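Visitor: Sequences and hints are given; from them, build the entire structure.
There are 4 protein chains.
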Amino acid sequence: MQPLPSTQPWDDEDGFHEECGVFGVWNATDAAALTALGLHALQHRGQEASGIVTLAEKGAFHAHRGLGLVGDIFGDAKVMASLKGRCAVGHNRYATTGETALRNVQPLFADFEFGGLAVAHNGNLTNAAVLKRALVRRGCLFQSTTDSEVFVHLIAISLYANVVDRLIDALKQVQGAYSLIALHDGALIGARDPMGVRPLVLGRLGAGEGGAYVLASETCALDIVGAEFIRDIEPGELVIINNDGLRSIKPFGRTQSRFCIFEYIYFARPDSVVEGTPVYATRKRIGSELARESHVEADVVVPVPDSGVPAAMGYASEAGIPFELGIIRNHYVGRTFIEPTDQIRHLGVKLKHSANRPMIEGKRVVLVDDSIVRGTTSKKIVEMVRQAGAKEVHMRISSPPTTHSCFYGIDTPEREKLLAANHDVEEMARIIGADSLAFISLDGMYRALGRPGRDAANPGYCDACFTGDYAIPLTDFEGQPERVPTLLVANSK
Amino acid sequence: MQPLPSTQPWDDEDGFHEECGVFGVWNATDAAALTALGLHALQHRGQEASGIVTLAEKGAFHAHRGLGLVGDIFGDAKVMASLKGRCAVGHNRYATTGETALRNVQPLFADFEFGGLAVAHNGNLTNAAVLKRALVRRGCLFQSTTDSEVFVHLIAISLYANVVDRLIDALKQVQGAYSLIALHDGALIGARDPMGVRPLVLGRLGAGEGGAYVLASETCALDIVGAEFIRDIEPGELVIINNDGLRSIKPFGRTQSRFCIFEYIYFARPDSVVEGTPVYATRKRIGSELARESHVEADVVVPVPDSGVPAAMGYASEAGIPFELGIIRNHYVGRTFIEPTDQIRHLGVKLKHSANRPMIEGKRVVLVDDSIVRGTTSKKIVEMVRQAGAKEVHMRISSPPTTHSCFYGIDTPEREKLLAANHDVEEMARIIGADSLAFISLDGMYRALGRPGRDAANPGYCDACFTGDYAIPLTDFEGQPERVPTLLVANSK
Amino acid sequence: MQPLPSTQPWDDEDGFHEECGVFGVWNATDAAALTALGLHALQHRGQEASGIVTLAEKGAFHAHRGLGLVGDIFGDAKVMASLKGRCAVGHNRYATTGETALRNVQPLFADFEFGGLAVAHNGNLTNAAVLKRALVRRGCLFQSTTDSEVFVHLIAISLYANVVDRLIDALKQVQGAYSLIALHDGALIGARDPMGVRPLVLGRLGAGEGGAYVLASETCALDIVGAEFIRDIEPGELVIINNDGLRSIKPFGRTQSRFCIFEYIYFARPDSVVEGTPVYATRKRIGSELARESHVEADVVVPVPDSGVPAAMGYASEAGIPFELGIIRNHYVGRTFIEPTDQIRHLGVKLKHSANRPMIEGKRVVLVDDSIVRGTTSKKIVEMVRQAGAKEVHMRISSPPTTHSCFYGIDTPEREKLLAANHDVEEMARIIGADSLAFISLDGMYRALGRPGRDAANPGYCDACFTGDYAIPLTDFEGQPERVPTLLVANSK
Amino acid sequence: MQPLPSTQPWDDEDGFHEECGVFGVWNATDAAALTALGLHALQHRGQEASGIVTLAEKGAFHAHRGLGLVGDIFGDAKVMASLKGRCAVGHNRYATTGETALRNVQPLFADFEFGGLAVAHNGNLTNAAVLKRALVRRGCLFQSTTDSEVFVHLIAISLYANVVDRLIDALKQVQGAYSLIALHDGALIGARDPMGVRPLVLGRLGAGEGGAYVLASETCALDIVGAEFIRDIEPGELVIINNDGLRSIKPFGRTQSRFCIFEYIYFARPDSVVEGTPVYATRKRIGSELARESHVEADVVVPVPDSGVPAAMGYASEAGIPFELGIIRNHYVGRTFIEPTDQIRHLGVKLKHSANRPMIEGKRVVLVDDSIVRGTTSKKIVEMVRQAGAKEVHMRISSPPTTHSCFYGIDTPEREKLLAANHDVEEMARIIGADSLAFISLDGMYRALGRPGRDAANPGYCDACFTGDYAIPLTDFEGQPERVPTLLVANSK
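Chains as they are written, first to last, in the numbering used here: chain A, 1 to 493; chain B, 1 to 493; chain C, 1 to 493; chain D, 1 to 493.
Hints may contain errors.
Chain copies aren't distinguished; within one or between two, either way the pair holds.
Below, a list of computed lysine-lysine pairs in the DSBU-like style, where the Cα atoms sit at most 30 Å apart [said to hold, decoys possible]:
1) K380 to K78
2) K78 to K352
3) K379 to K172
4) K78 to K391
5) K417 to K352
6) K352 to K391
7) K78 to K58
8) K379 to K417
9) K352 to K172
10) K84 to K58
11) K84 to K352
12) K380 to K172
Derived by calculation from the structure, the hints in this document are not laboratory data. All values reported here derive from a predicted model rather than from experimental measurement.
Guide: Dropping the structure here:
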């Protein structure tokens, strides 16, 4: 009902690409504080906004949300005291700023006939625009520009009586990648899409009747609250947690698992364990594979901090070349910074990174980074290392070339802007100014994950950004934007 | 979709009592600036929040809203520049503070299948809760706690194809008092409820094809933008303004006119002309009637500023007693002020008013005020005048005793808190500490409006706060809150 | 020590023209709350900034200051609780916005060898620039751009041991108009300049040993805290208030009294009594004198609100013409407002005033205002009244023509910008568009104050703005800005 | 002149312990932008506040300062555009929040008889309180609570005509550690205290007449603006830079060099080169020395990030034990965060660090950190590593035990709170819960710096925090706080 800047907000791309973290807890003292801590541990999944909704007695909900870091939003004792109740759900969001953003901060909350429902969602729906158009036609009024609101309206109009049935009804109509946590008076519900593209783990705080269940995007959020890891939620699984315990439903039957391989490469925190595999060790193994595949004579292996560090360690160790912190990262960048004027831009100013000149001067340097997207950052880094006196600069990348956009929840630019979509490796080396450039091979990456190589028939991971193998339909992004699903109401009987 | 503090916001009384001002313009250069000026002239109808929605080319809408005074919200050149377009609708609101309030600031805006629609509403619906319950049951998600949102959902779910038909469909389902202005790509629409309880006037800026139509709550808003007054919108009338001119519809057929008489007493600005009658002159005539009805020997007639001034002038002139500004009003009160501690409360501190001691000391004072609601203010004023040395204090009130609450858009307390609902005039005089107290009679008030007296069969005004004669049903406030209108969908065919 | 925008801030005119209100209290429970109330009653003397310094036990001072209205700055219970102590001094300031202003908000406070000292000052020094130059030459570092800081440095470098002696030492070196209140560990001190240009009154709260003394710019500030008026501080008098009672010193010997006559015309609040004369009654008498001096045939007398109201009442009563509120003032202007664009400026938009058309249309109108400065406001008002249909507009001004600037604390523009400095009355009437224009005569104004007329040898009031008779030297504004008083240190022996 | 919270602000310890960064540039296009970049590179030396003062034509100065990070304070294009001129000086400050802080943000600026002067200061004066007392006695009014203001007053009252002579006059009266940069109309001046405790380096941007000189706390600030390193400013040296070039003065004659050894251990950025020695390589060498001195059988060497990383790499390499990132640092902590409630405090929550469980579980861990101050952080880290499943935890510290407070500009707590001041190493191990604990020896630390060991007669570094050998008198902190230097004025002849 709020004034909107345009009549077609769902055409705004901003609403469709989100990296997010979710956290939920059922039946714990200090539920809001635990959720704030969990969101803090998941801060790397979204730094622009956060929200928490708690459930107190008699179905009363309490909410707080804001733009900024978790510590700033939930650092106020009065705010925390207002978030009453033993159950909570929280969300970190990667988003743009301004009023629009505040409307979009999750968890979304709605009053239904059956009571309130809070929903936190990580991922991206690929038929949200089509569904939204149909819902608006039916008389639904949209408030946010997030695809997550589609869930809420589908639940609202479902003809099922039961909340879980309504939620399943909604899930069956959407396409895309999602890990979601919903909270209502009767239960905390966790769900992963049928292919399990985005992560969701289950943990337990304390034992017996007084124990609490925790749901989170990554295990590092279980660690910070002292929860014991139980298991990953499975692809296509729905878990319903309440005072009677945990119940699991598989409404989609058997499905093929396609966890996002880029979480291993870059996105997940190094101290998390994803689907049984520690992230940090995987990254080191990728570095070792990379060294084996593309060795080069050099004096020093230097990571592009922070994400390139484990792979560089693996590379250095395998290659027998000293590992040195030849690039220092400045962690105090602040929200805004001066746009360098033309006069000083030629200085090659680096705000986030600076070369550790004495470690680089006169040396043959292997730079290790996790990926090349547009190539602009790599170009600046190589230039900075050269200005610091490197004799040679060899770039090694711990992922295959990023040739395709992600439509499943990782914020990547359009394909035209991906360097690897338009240039071969040799051209890329020239563009970024490196003496040599090498990416890990697809098979090498799968070997580092403990497989013999990539099995095209059943890769077991979503690697669409490297292969273009999109396992989930891209309805909104295909030819006919006007196509409306006619089965909408029948479906929801 | 935003986090809400509770699952039943529509039980919150805050959403039901509103005094507001509305303004709209079609086809004018600087539409947003004209609207800001109009809202400024209507600031007395609501000081806590304002919003403007403009319509630019190709159905694109722009919006800005905020808490505070019009001048503060729309004083920023960048804000004004962003409100592009030749058509606009604006709203002033009397509201509480906090996030809740911001969600409720009008104009409400929604994206429909047919495009965007902005709605600004002054008044109060008396079946909003019943309708809201039915709408939620149907799957509608409510975002604000204002009854105005009910309009928007009724429009959204209407089965009519045409916007005007949908709006009429919605109006036929609501009960209560409303003057509303709606803006969509095809027209600016003004509407008054069938009894015309709340005001709405039509004006014109410039002549011929380049001329613009203006709708506003009061004529003072036409004056500030230099618009010529054309006529009042009639009770139950709908006017549709677009580039083809103005079209009038009367969907409710013939109805009885019941304009709010309290607008004359207190609420409207003194320089406005309402339904053909100047407010200032009416107030002076009421003062004269009051002097005739309840003369008292005195040395000086003193108004309680600012609202009591015209009646006091009429009283003084008729009674032949000098008129003096014996009470000074401090206009710089600020948003907040110190809660007086117990130690200083006994000083009888007056933040808004102070006695002009040299004009009062040793004198017999007639105090003239517009109404007595709870009586607390009158008590303080009388006490202050006595402390300044008055020999006698005679209170004269330019309205009949306020014995009933208003459910049609004027913020009055519950009946139990109305002094006149629980005490006769003699007791009231004792409670407020006056040597004598008199109210104008019902007939006297009607005489001042040019009638022979009150015609109970067809009073011509809504005077429910003085008589309890509620002409519009009070559905939400009657016995059966669970009653749901079953004809909702049929109605909207 | 703060970064300053330029090296010569004391050349900035902003620091030299101030209208202010001061308030002080010694030995009262809730000293800070009383001071906030007093400043609230003095809000008309300065609306842009306020500050309070309190003195708690053992010479500990507490301070709070801010930009905005008193109620907003001191409306926070935590702020009030932090202002501990039974003694306080406060200040309202008319000032420009921005950081500069915050540095300049009074009371000024400094740590001396003998302890802390807070100083609040209303008025304007006329040799502040000369003194400042000498002080800087001596090594003094200035922080603010207010002339009041000169006081503080003169006190700091004085060679006298005693605070009061140091203050007198400082006062003997300054020229200009000032009413000041100083607070240190041993006493509350009030002082008026030798000619008593600016007002300062003494009051008492409670009796006997537990009683408190109050100092304030006007009696209305005594009224709000329930203090009894004792007397005006005399021109050139210093009162020292501490637990032993009140002591009076006259360091300047006999001096000629020259109270600012403009305080009666416009500046003081109508309910104040200044030097024994009620302001409201004086303004009415001026109106009567004006009617006698410049009668005109008319249908209605209309005040320019709010300041012109009492004079208009006096005029109407004397002339036997009906008094009507033909212009309505909008009190909700807000801090900022849209700069009207060229397109709508021609509408003659009035944000502060609007014509009450039904009272004006077709009538011969006498407009009564307090003064004409630049003439721009009068021009707009006349135009607005004509647009509302007035047949004739006769402007009557309740002060003589303002032909000279004030250098003693009233913010007036430079002489070139004063309409009356450059035009005779006939030209002025033409410029503002009135059918006739008349000012009260100098003698008429003095008659309204109870004198036979103006005695040029000893007028008894400062009327420099009407006569150019500047009784206090204008050192800073005369020819030789480089002149430095050489006696500075000798003086302060 | 601003209201101060107490009369004795200089007793406030806050003003005396500062870690800061300074930067200055003479004669460069975009001087303000270069300074903002330089301050950004020095952000690790102070994150709470920053300021820049620029010098434009004709002696006009421009200033901006704020609380927060450099990028936030100087990220506004309007702010940067307002900082006109080719010369600038900037300052980063470690400070407390609130109004007090804003008054204290440097560069300090004052208007003298000779024009404006901006001063930025890193370090701590040890006789500031004594000097301040004498200055106040003389009539000086202090505005900030920083010891740096003492400089400004000493310059203001100096009897020398020339700015440089006045500055030398001031420097000769102060005791303590300082690197300062001053800017006035005629020159940019850099100075280090006679023992050169705090760092200051000289660089050059561009060559020939169009070239610019740069002064900065560390070489990393030269690198970011592309300036070439020329040399360290020498202990006790004053450099005066203007359009005629650079002039060096040694007003103190020969002095003993005592650079702060803790800058190598912790404070300087790893990519800086201090007094000819690269910081990163030094830290690795300290790690190697530490491994030689206190080897222990273990499975993994884990740094406490970020400061412990280079020493841990040196340790691991020398000891032949794998180096692993067993602790992950969360860089998104935000300004505030929830105070953990009692209920969740037992969870051992770590907001800044988390254990990388798979790298630690079941392992014997060597933890390497740079220092132990109070011991509370070490205790938490050890506990966290144990909770993650470590079999043994051996703590190794890359500095000797911190037994004494720093009075020369590093913020350390009082001696009573230093763990090593009150406990031997064995007790410390028990307190922090480690299986073993070892510090590098004093001689080992000096060996890592290329010396044979510590030469007690002439150590060449200030190591007072490890040895109590305070080379500069601690006047303010010794017995007689009332002692006032009597030679103050004579001195300033």
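Visitor: Run every hint past the structure and note whether it holds.
Guide: Now for the hints, and whether the structure bears them out:
{"no.": "1", "hint": "K380 to K78", "in the structure": "between (45 Å within a copy, 27 Å between copies)"}
{"no.": "2", "hint": "K78 to K352", "in the structure": "between (35 Å within a copy, 23 Å between copies)"}
{"no.": "3", "hint": "K379 to K172", "in the structure": "neither (45 Å within a copy, 51 Å between copies)"}
{"no.": "4", "hint": "K78 to K391", "in the structure": "neither (57 Å within a copy, 41 Å between copies)"}
{"no.": "5", "hint": "K417 to K352", "in the structure": "within (22 Å within a copy, 36 Å between copies)"}
{"no.": "6", "hint": "K352 to K391", "in the structure": "within (23 Å within a copy, 37 Å between copies)"}
{"no.": "7", "hint": "K78 to K58", "in the structure": "within (22 Å within a copy, 34 Å between copies)"}
{"no.": "8", "hint": "K379 to K417", "in the structure": "within (15 Å within a copy, 49 Å between copies)"}
{"no.": "9", "hint": "K352 to K172", "in the structure": "neither (44 Å within a copy, 41 Å between copies)"}
{"no.": "10", "hint": "K84 to K58", "in the structure": "within (12 Å within a copy, 44 Å between copies)"}
{"no.": "11", "hint": "K84 to K352", "in the structure": "between (40 Å within a copy, 26 Å between copies)"}
{"no.": "12", "hint": "K380 to K172", "in the structure": "neither (46 Å within a copy, 47 Å between copies)"}
Hint compliance for this structure: hints 3, 4, 9 and 12 are broken, all remaining hints hold.
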